[in-house]
Amino acid sequence: MKRKTAWMLGFGIVWLLFVLAGTIYLQNYSTQPGRSLASPTRWPTQTSLKRLDNTPTLVMFVHPKCACSSASVGELNAILAHFTGNLKSYVVFVKPLDTPNDWERDSLWKEAKALPGVEVILDQGGREAERFRVATSGVVLLYDADQQLKFSGGITESRGHSGDNEGKSAVISILNTGKATLASTSIFGCSLLESESHAHNVH
Amino acid sequence: MFINEKNLVMGKRALAIYQEYQRKIFEDTDKLFAYLMLGEWCFGIFCAFVISPLRWEGSVSSTHIHVWAAIFLGGALTLFPVVLAIFYPGKTVTRHIIAFSQMMMSALLIHLTGGRIETHFHIFGSLAFLAFYRDWRVLMTATLVVGLDHYFRGLYWPQSVYGMLVASNWRWLEHVGWVFFEDIFLVLSCLRGSKELRAISTRQAELESMNSKLDLRTKELTDSNQELEQFAHIAAHDLQSPLRSVATNCQLLEELHGEELSDDAKHFARNAVEGAKTMNTTINDILEYSRISKDTGASQQISLESVVDLVLSNLAGRIAETGAIITREPLPMADGNLSQMARLFQNLLENAIKFSDKSQPKIHISAKKVGGEWIISVQDNGIGIESKYFDKIFEMFRRLHTKSEYPGTGAGLSICKKIVEKHGGKIWLDSEPGEGSTFSFSVRDEVRV
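These protein sequences, in sequence, are chains A and B. Each residue of the first sequence is one higher than the last, beginning at 1 in the working numbering. Each residue of the second sequence is one higher than the last, beginning at 1001 in the working numbering.
Simulated from the structure, these hints should not be mistaken for laboratory data. We put the beta carbon where it would ideally sit given N, CA and C, even for glycine. Check before you lean on any hint, since a few could be wrong.
Unchecked claim - Here are some of the chain A residues that sit facing chain B, going by a computed Cβ distance under 10 Å: (1) Val19; (2) Gly22; (3) Thr31; (4) Pro64; (5) Trp103; (6) Ala114; (7) Pro116; (8) His161.
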């Protein structure tokens, strides 16, 4: 009986450690940000995206298949609901070159299309992503009416996690008051394009 | 401590019943949680496959970590408690491990569904479900898990739980406070449930004790009754022989030495013979009365029509002698003891003929179905009985008239009563002095003796 209890106790401790380690690993993964690059501080002239005079412009780049970016699109929806002024906004779907036709037309595309007043753009091969120097799905760039970059970063608290977060609060603050509580935040999402090392391995 | 003091008050048997109820509740709830957790595990895997099946890097994909987490972490959170619920049902450790796992499962499901606010209700639902145990300590374990989870997340990953990079050190208390808010009601509900269970257990123990005493008393009464009947039977049987001897010897004395005896001596001898005969009749009645209980003769389907036919043929002499007119309605079939039923009808009809002040007794036998039983009535046009004697006449040897007025021992109706009761029925009468009497008895549609 004592031996059995000792076995059970030992197994219980191993089980507890496994559960705690798994939970911590999952949490770490969720809060591990994607790559952040320094985006142009002024609206890039080479871009094909149109901006309106005297109007701030918000651009979100997403990977069409990124599960985490659904939360980012959801948060963008919340931002738009909070702001009633003039704003030109884009959701840019970055489509890798070696993907079939309509590959990008998935649930995330439908979610973005459903956003009121948002223009959904297809970025074949990631040219616009290069122009804006973004690498992670869910990144939001906010340029003011003077074409100056006011915010660059993610608007979710972790990977695919919806809810209040500092990125969203910062964007709302800039749009409503012109003042930034934060200029950048971590971005949580898939890589928009293959990393060089990965591309190397694949090719 | 509080519980222990209560337990002492409850008494050993009540405590045993209470613990048995508690064990059943614990085991049943363990089983419910085993099913629930297996369902949650499947749901988690489903969510992972639907919401985040793959992680992407450009056009290259790999299995999303959520899928592995749902399968392996969800599996660990499910299988260990399920194994405990199967092999250690009702144990304290089982329900606390279940509480821990259930709250960790809440965290996993919230994670897998992208932190949706709706999934947070899983925590509150789980607390309510844990209250099924009626053990407030289980709720404390669950609340502690929620508290520690929020504390450590707030410490290391504040943005994941509070949406900001820097949060107050006490912010976790706000979240746990709402869990406590629900706990208050659930703990009260658990305590009330336990209190009710204790009251039920005490009542059941009292009832068992009363039943046990009642069974003992019934057995004592049955034994005593049997001994008494046995005694009456033996005594009556043994009395017959000396009684016959007294009567015979008195008769012989008168026959053989009648000339030598004075008139007074002859008178005394005749009185002794008459007394012995009366006593013999009484003894026979006692024997018959005691035989009703002892008679375990087979119960069978009998026609009450045939029983009455038999009795009428037995009483043919008396009927002819008194000129009695006996009419009857169709009588039903009944399940019972033939000789006892015959005795019942014979006693009632003999009484109806005997207690008549008319030149021609008129007797009517009827049957009426009421609910699940038959009411059989024997109505006469005799002398009738005052209502104050309705109960007394069914007592043994109770007589309302002198022997010179109406002969008999006074045992007939008590024998009738015993027969009817043995067949599961009742006997009663309606009567007015001078207006006749109606004796009725009930027999079940299917009588068993």
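Query - Hint check, Val19 (chain A) versus chain B [nearest Cβ-Cβ separation less than 10 Å] - result: At about 6 Å, which falls below the 10 Å cut-off, the nearest Cβ of chain B leaves the hint on Val19 (chain A) intact, so it holds.
Query raised in the report: If you take the shortest Cβ to Cβ gap from Ala114 (chain A) to chain B, is it below 10 Å?
Result: 17 Å, violated
**Report entry** Restraint satisfaction for Trp103 (chain A) [CB to CB of chain B, less than 10 Å]
**Finding:** 8 Å, holds
Query - Interface hint for Pro64 (chain A), Cβ within 10 Å of any Cβ on chain B - result: With a minimum Cβ separation of about 9 Å from chain B (threshold 10 Å), the hint on Pro64 (chain A) holds.
**Report entry** Hint check, Gly22 (chain A) versus chain B [nearest Cβ-Cβ separation less than 10 Å]
**Finding:** Interface hint status for Gly22 (chain A): holds (4 Å vs cutoff 10 Å).
Query raised in the report: When the nearest CB of chain B is found for His161 (chain A), is that gap smaller than 10 Å?
Result: 4 Å, holds
Requested in this report: Hold the hint about Thr31 (chain A) up to the distance rule: shortest CB distance to chain B must be less than 10 Å.
Outcome: At about 5 Å, which falls below the 10 Å cut-off, the nearest Cβ of chain B leaves the hint on Thr31 (chain A) intact, so it holds.
Query - Restraint satisfaction for Pro116 (chain A) [CB to CB of chain B, less than 10 Å] - result: Not OK, violated: Pro116 (chain A) not within 10 Å of chain B, min 22 Å.
Of the hints listed earlier, those the structure fails to meet are numbers 6 and 7, in rising order.
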